[in-house]
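> Let's have the full structure, built from the sequences with the hints guiding it.
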Amino acid sequence: MSDHSTDLAHNIRKAAAQLGFAAIGFSAPLPQTLAILRATAMVHEHRNGEMHYLESRMEERADPSLLLPGLRTIISTAISYNYPLKRQAGLPKISKYAIIDDYHTVVRSKLEELLAEIENLVAEPLHARITVDSSPLLEKNWAEEAGIGKTGKNTLLKVPSAGSYLFLGEILLDREIPSSKFTLPNYCGSCGDCLTHCPTGALVEAGKIDASKCISYLTIELKREFTAEEAAMIGDWMFGCDLCQDVCPYNQQTSITANKAFKVREELVNISMERVLNLTKSGFRELFYGTPIFRIGLRRLKRNARAVENNMKKSGTI
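Residue numbers for the sequence shown follow the working numbering, beginning at 1 and rising by one.
Hint data in this document are derived by calculation from the structure and do not stem from the laboratory.
The model shown is predicted, which means the values in this text are computed figures rather than measured ones.
One or more hints might be untrue.
Pair ranges (Cβ atoms, derived) [as the list claims (entries may be wrong)]:
(1) A17 x L184: 28 to 36 Å
(2) H104 x K281: 20 to 28 Å
(3) R57 x L277: 31 to 39 Å
Ideal Cβ positions, reconstructed from N, Cα and C, are used throughout, including at glycine.
Printed below as a string of structure tokens:
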């Protein structure tokens, strides 16, 4: 690999840091047999719930070069949303990633800025594709291949010093950049707090999740009405769930993000069920437009709120 390629990687890292990324790394698009076996096992064992999109486009998951002709490098990035959050008791909970601007938009914008910097550094035309949780790319796998993090027992990527409160994003590039792969330590060690604190048993074993039991899946991905069992499973979580991250000792040792890309929408931090249940379509749009919550629509948000209200009444929380 030429000195120019090494310098390019260094300058890309520098640009990424200036843009607020917590980590960046590079990997060659080599076959990832083990990752594909894990992905297909989840489907074959029916652990994907009703997320049928996970059953398709396996060929592209196995071969990311199908996503960009001439692909030579996958640039993996992580950006932190680990900010302080004070929740009031007796109110429905919303995952901290959902009370800020939609990460699809914010991270894509940051990656577009980074790609522009890369184009300025390279004296020849580039072909590239940006993806933020929007393609069949196995994001966590490629992040590990790039050496930026290690998947924990809760199935989420942990990045050194940044933890797992992260958004991932990639730039597929037709330019070769030296791989930054190296072996990271097992940050979990003998800890199993995420496994024991998962209230629904969705973490069936270390590194293995049954999405159909996951509160995040139930409140975000599931489109139909809840069964009685599913409604009870979500507890007091109205959108998403942070439990397996909140109890993680490694996360508790990481730094609060200094990234200013995400602005907390304070009116959503401690929103009441009454307000949600009384929302009109226009009120819903005004309150949630531009956040991940807007994606599920008012009907499903009210479905979640009704279940949470019933659960909290039964538990005596309200």
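> When the structure is checked against the list of hints, which entries are broken? Sort them ascending.
1
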